[in-house]
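> These protein sequences, in sequence, are chains A and B.
Number 63 in our numbering belongs to position 63 of the first sequence; there are no gaps in the numbering.
Number 7 in our numbering belongs to position 7 of the second sequence; there are no gaps in the numbering.
Each hint should be verified, as a subset may be incorrect.
[Claimed, not checked] Facing chain A, according to a computed beta carbon distance under 10 Å, are these residues of chain B, among others:
| # | residue |
| --- | --- |
| 1 | Asp18 |
| 2 | Gln22 |
| 3 | Val73 |
| 4 | Thr74 |
Keep in mind the hints are simulated off the structure, nothing from the lab.
We put the CB at the ideal spot given by N, CA and C, even for glycine.
Residues per chain, in single letters:
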Amino acid sequence: MKVAVVRFPGSNCDADALYAAQGAGHEAGFVWHRSTDLEGADVVILPGGFCYGDYLRPGAIARFSPVMRAVAAHAAAGRPVLGICNGFQVLCEAQLLPGALARNAGLSFVCRTVTMRVESDATPFTARYKPGQTVRMPVAHGDGRYVADAATLDRLEREERVVFRYVGGNPNGAMRDIAGITNEGRNVVGLMPHPERAAEALLGSDDGAAMFALAGVPAGV
Amino acid sequence: MSRFRARVRVMPRVSILDPQGQAVSHALGELGFAGVGDVRVGRAVELLLDAGSADAARDGALKMCERLLANPVTEDYVLETVEPA
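The following block holds chain A by itself, in its conformation from the complex:
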């Protein structure tokens, strides 16, 4: 599988995401945000960080980077896109996922390992998990409170598009304890916690490694 990790100015988990993808046996490379294509990638990862310094709002400027047209086309073609933390914020700003990530309810930057329940295995990134399974991954964010209007939240629940939910404590006040969601096509996933920082036992948890397995994703479409 060919994996592209997009680098924006201010991305800081790009190398970790690349390492996790390579660890899962994929050919992975960086794509600069000024690029207008994804260099033949099968799967795109928007990594964590603070692109454009979070100016205006996290992800607000990055969504207009040239590469985002290619990411939108990739998503529209039903091909896999994963946004981690800042990457999730970018996907929401780009309206590839519904809702928004607002300032944490407690105002503090939260940096610790959280527990989530896997709610859906119907995405390319969660196919290796069992629904109901709990996983532990770190969060590190100041703007991770998932918000959307009630109709959007109800629709996400009804269509089983909440992918991860915080259990045993909600670190940021996210509505309905939502940690990660997917789009209608189930090919775009965004989550606040960092699977790439939980991809090896040495890091304290390897619960995130399965997100990079990408089993069943067709290559070279």
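Got chain A; can you put chain B on it based on the hints?
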């Protein structure tokens, strides 16, 4: 072409928790200011725009609000003034 100064106010939507506003409200109480209720913290954006008319500048600024300056999920915006700069 003339130059205009447009002022936009972007505020967190009333239905959405504003933790910054809560913190400011709390801090004002701690400082001894009595009677401070709900506080909301937004941002002001000032734009210098070259446009053929004030209306054109206003139209441009509104499009900028929709496209970038405010998040339609969490924020409301008001174009407060457009005046010759």
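> Which constraints among the numbered hints does this structure fail? Numbers only, ascending.
Violated hints: none at all, because every hint is consistent with the structure.
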